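Protein chains in written order, with this note's numbering: chain A, 1 to 268; chain B, 1 to 268; chain C, 1 to 268.
Simulated from the structure, these hints should not be mistaken for lab results.
Treat each hint with caution, since some may be false.
Copies of the same chain are indistinguishable here, so a pair counts whether it falls within one copy or spans any two.
Quick list of in silico lysine to any residue cross-link-like pairs, SDA-like style, CA-CA up to 20 angstroms [what the hints assert, rightly or not]:
| # | residue 1 | residue 2 |
| --- | --- | --- |
| 1 | 248 | 43 |
| 2 | 153 | 80 |
| 3 | 153 | 97 |
| 4 | 153 | 78 |
| 5 | 248 | 224 |
| 6 | 248 | 44 |
| 7 | 248 | 13 |
| 8 | 248 | 182 |
| 9 | 248 | 15 |
| 10 | 248 | 45 |
| 11 | 153 | 119 |
The model shown is predicted, which means the values in this text are computed figures rather than measured ones.
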Amino acid sequence: VRSGILTLTTDFGADGHYVAQMKGIVLGLAPGTQIVDLCHAIPPQDIAMASYMLGEVVQSFPRGTVHLAVIDPGVGTDRRLIVVEACEQWFVLPDNGLIGGVLRSFDPAGTWEIRNPELRRSEVSSTFHGRDILAPVAAHLLRGGDPSDVGPKIDYPSVPGLTPRPGFLDGSLDGEVVFIDWFGNLITDVFRRWFGRDDPRDWEVEILGQTIPAISRTYGEHPPGTLLALIGSTRRLEIAVVNGDAAKQLGAGCGTTVSLRRVGETET
Amino acid sequence: VRSGILTLTTDFGADGHYVAQMKGIVLGLAPGTQIVDLCHAIPPQDIAMASYMLGEVVQSFPRGTVHLAVIDPGVGTDRRLIVVEACEQWFVLPDNGLIGGVLRSFDPAGTWEIRNPELRRSEVSSTFHGRDILAPVAAHLLRGGDPSDVGPKIDYPSVPGLTPRPGFLDGSLDGEVVFIDWFGNLITDVFRRWFGRDDPRDWEVEILGQTIPAISRTYGEHPPGTLLALIGSTRRLEIAVVNGDAAKQLGAGCGTTVSLRRVGETET
Amino acid sequence: VRSGILTLTTDFGADGHYVAQMKGIVLGLAPGTQIVDLCHAIPPQDIAMASYMLGEVVQSFPRGTVHLAVIDPGVGTDRRLIVVEACEQWFVLPDNGLIGGVLRSFDPAGTWEIRNPELRRSEVSSTFHGRDILAPVAAHLLRGGDPSDVGPKIDYPSVPGLTPRPGFLDGSLDGEVVFIDWFGNLITDVFRRWFGRDDPRDWEVEILGQTIPAISRTYGEHPPGTLLALIGSTRRLEIAVVNGDAAKQLGAGCGTTVSLRRVGETET
Chain A
1 VRSGILTLTT DFGADGHYVA QMKGIVLGLA PGTQIVDLCH AIPPQDIAMA SYMLGEVVQS
61 FPRGTVHLAV IDPGVGTDRR LIVVEACEQW FVLPDNGLIG GVLRSFDPAG TWEIRNPELR
121 RSEVSSTFHG RDILAPVAAH LLRGGDPSDV GPKIDYPSVP GLTPRPGFLD GSLDGEVVFI
181 DWFGNLITDV FRRWFGRDDP RDWEVEILGQ TIPAISRTYG EHPPGTLLAL IGSTRRLEIA
241 VVNGDAAKQL GAGCGTTVSL RRVGETET
Chain B
1 VRSGILTLTT DFGADGHYVA QMKGIVLGLA PGTQIVDLCH AIPPQDIAMA SYMLGEVVQS
61 FPRGTVHLAV IDPGVGTDRR LIVVEACEQW FVLPDNGLIG GVLRSFDPAG TWEIRNPELR
121 RSEVSSTFHG RDILAPVAAH LLRGGDPSDV GPKIDYPSVP GLTPRPGFLD GSLDGEVVFI
181 DWFGNLITDV FRRWFGRDDP RDWEVEILGQ TIPAISRTYG EHPPGTLLAL IGSTRRLEIA
241 VVNGDAAKQL GAGCGTTVSL RRVGETET
Chain C
1 VRSGILTLTT DFGADGHYVA QMKGIVLGLA PGTQIVDLCH AIPPQDIAMA SYMLGEVVQS
61 FPRGTVHLAV IDPGVGTDRR LIVVEACEQW FVLPDNGLIG GVLRSFDPAG TWEIRNPELR
121 RSEVSSTFHG RDILAPVAAH LLRGGDPSDV GPKIDYPSVP GLTPRPGFLD GSLDGEVVFI
181 DWFGNLITDV FRRWFGRDDP RDWEVEILGQ TIPAISRTYG EHPPGTLLAL IGSTRRLEIA
241 VVNGDAAKQL GAGCGTTVSL RRVGETET
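Produce the complete structure using the sequences and hints provided.
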């Protein structure tokens, strides 16, 4: 399936010209491609954040979308570059765990190592494989090219950061903050689906000494300034302050522990 | 008229993935749409700034353009979501005054409340209606869909912040700064058209104790560092410092008063 | 050759609506144009940085690409607006040296002064020629229009900042930092081609009292924290800290001197 859509995720910064160079290469090789910037303000070398973002956006894009991600501290060494097929979409990236966020929710349908020297620019720099190797490979897939053209199929991508979680809640659970958005909302690694048939409103949340007595349905039902927990648009537990900045107010960051407890559980 | 063009305005921040999710939904439902980012760095919940920006860009876009704006502090409550037709373009947004900036210059040709459950994603979150409801509605209009499909026609959008101004000048007038651009130029709510046949060069401007003796034609006719007033590309009165930052130099912000007086008026 | 691709470079800031207005004008006049943002975070009036970026991206874009750049401190004065053809691509910009970065590597095939009043918006502001004059001219070229329609051919663009360098190395050379990227890497004005058949690994680099004993091949072959010099993706000498920020660590900025010396040269 061809969608003609490419997303780009890098740690190149929004105010540089490196991103534009990659776009130029793709548009030259696959004219008409529609390019969507996912994020270019990933902190340098922050594989975990980029991996999280990739995992979050998959279900909003149509089949055949190609996702090109370049957070690549190992550029120029012998780290592998790979193509992963998952959720009927393509991921073109270094094999350094970047694909981990996607694999939390989707199994890979195939993984290929990028080796074909004909699918790269004639002159390959030692520091910008995003432009010289990955962009041409993305263009190949966008033109409907076969993934097996890029190189040999391999077993499975490297996912060093992928720690499987229980997948259900048993009266209590510790999770952690994995992302802080522009509003200062704290996104955690606790998925809605772990609650199963439990009503999240029967759970209380503790974070940095503050207790939130129940998980709410939305922001709007509380007055401004209220600290609350809710199942957000990510289908994960989020901590927020109505019309405020929870990260600043709590002094929380990525890695901050979030403790959940079924209300009344300890009293039984 | 279909233009195939969508603009996006949000307070989601430029460095997140929420914007990419909305784009993915639109491109999946209305393939080939050309997406223009208007601004994603609107300060959280700053309806006034987003409203100003929307009003400013209308005349630069072709007929049939769809403008999707999500500054939505009431998400998840019973605030209305609406489609407004004005200036032969479409606006898809919460009914919280966001449309006010457009209505300063253009009357609405129609307003519809978004209610049709078939024009939304199958699973609607309680916190991200921009992605789950507004993006599919925008895609519907981009495909040439009828606005009456989205829900019932209503009388008029809510515009709590819309304070009508005199529309002409009578010897003197107080206006205020409504926007500060990247250069630190101060954009005011005083329109060129209010001067009528008056020559702006006959007017002096006072701001924060500084007097600017006449309204200039452009930046370039003064030496660097000069504080000046001019009718800018917005067709509004702007205060600027040649090659400098007027906001920083004056300590001015949104809401700062700007007083105009026809020169010699008090001496007659 | 038509590519249908437009790049945009401005000092308007990423969080404004001025850029969106230019895009609206282009998309209205040349529907289907694919727009790539090169950079909008150029510091106000920083012609040198924008010029550098334009020169860097040329070779990544296909023939027929139109590059529109608006860093225009002289807007509203009688400075010229021009179209330059170079490297089979088009550049639409003020004649204030912006084209200099491109001309370091490519000779202009033609230069035209923009004068035709029919290729501009019906109402031209005195402060936003990027929207009112340059955008319509870019749209004209994107539609396949002839450059001679825009105005008379002129001899050569103004390039006040273009200082020719030797083009080769003779045992030692002083260069300087011309750009600092998002990672804090220091990009210099010393091109790889100046080394000719010399192996860069035979050269040592001195910057701000620190000596780097040889030019490396890539980042990955050194431990984190190492200060190193390498030939980057720009085909220029770059100074970097592995997984770190060289600009902050050294306190270096644009203009910092970088001294090269062939190793052992003084001992012979």
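Now the hints, each set against the structure:
Proximity of residue 248 and residue 43 under a CA criterion of 20 angstroms is satisfied in both settings, with 19 angstroms inside one chain copy and 15 angstroms between copies. Taking CA atoms no more than 20 angstroms apart as the test, residue 153 paired with residue 80 passes inside one copy only; the shortest distance there is 12 angstroms, against 51 angstroms between copies. Within a single copy, residue 153 and residue 97 get their C-alpha atoms as close as 18 angstroms, which meets the 20 angstroms cut-off; across copies the closest is 50 angstroms, which misses it. Taking the closest pair of Cα atoms, residue 153 and residue 78 come within 20 angstroms of each other only inside a single copy of the chain (17 angstroms); across copies the shortest separation is 52 angstroms, beyond that limit.
In the homo-oligomer, the alpha carbons of residue 248 and residue 224 lie at most 20 angstroms apart inside one protomer (15 angstroms), although the nearest pairing across protomers, at 31 angstroms, exceeds that limit. When the C-alpha separation of residue 248 and residue 44 is checked against a cutoff of 20 angstroms, the pair qualifies only between copies, where the shortest distance is 14 angstroms, while the shortest distance within a copy is 22 angstroms. Proximity of residue 248 and residue 13 under a CA criterion of 20 angstroms is satisfied inter-copy only: 16 angstroms between copies versus 23 angstroms inside one chain copy. Only within a single protomer do residue 248 and residue 182 lie at most 20 angstroms apart by alpha-carbon distance; the minimum there is 11 angstroms, versus 25 angstroms between protomers.
Taking CA atoms no more than 20 angstroms apart as the test, residue 248 paired with residue 15 passes between copies only; the shortest distance there is 18 angstroms, against 26 angstroms inside one copy. Only between protomers do residue 248 and residue 45 lie at most 20 angstroms apart by alpha-carbon distance; the minimum there is 17 angstroms, versus 24 angstroms within a single protomer. In this assembly of identical chains, residue 153 and residue 119 lie within 20 angstroms of each other by CA distance solely inside one copy; the values are 16 angstroms within and 41 angstroms between copies.
Hint violations for this structure: none, all hints satisfied.
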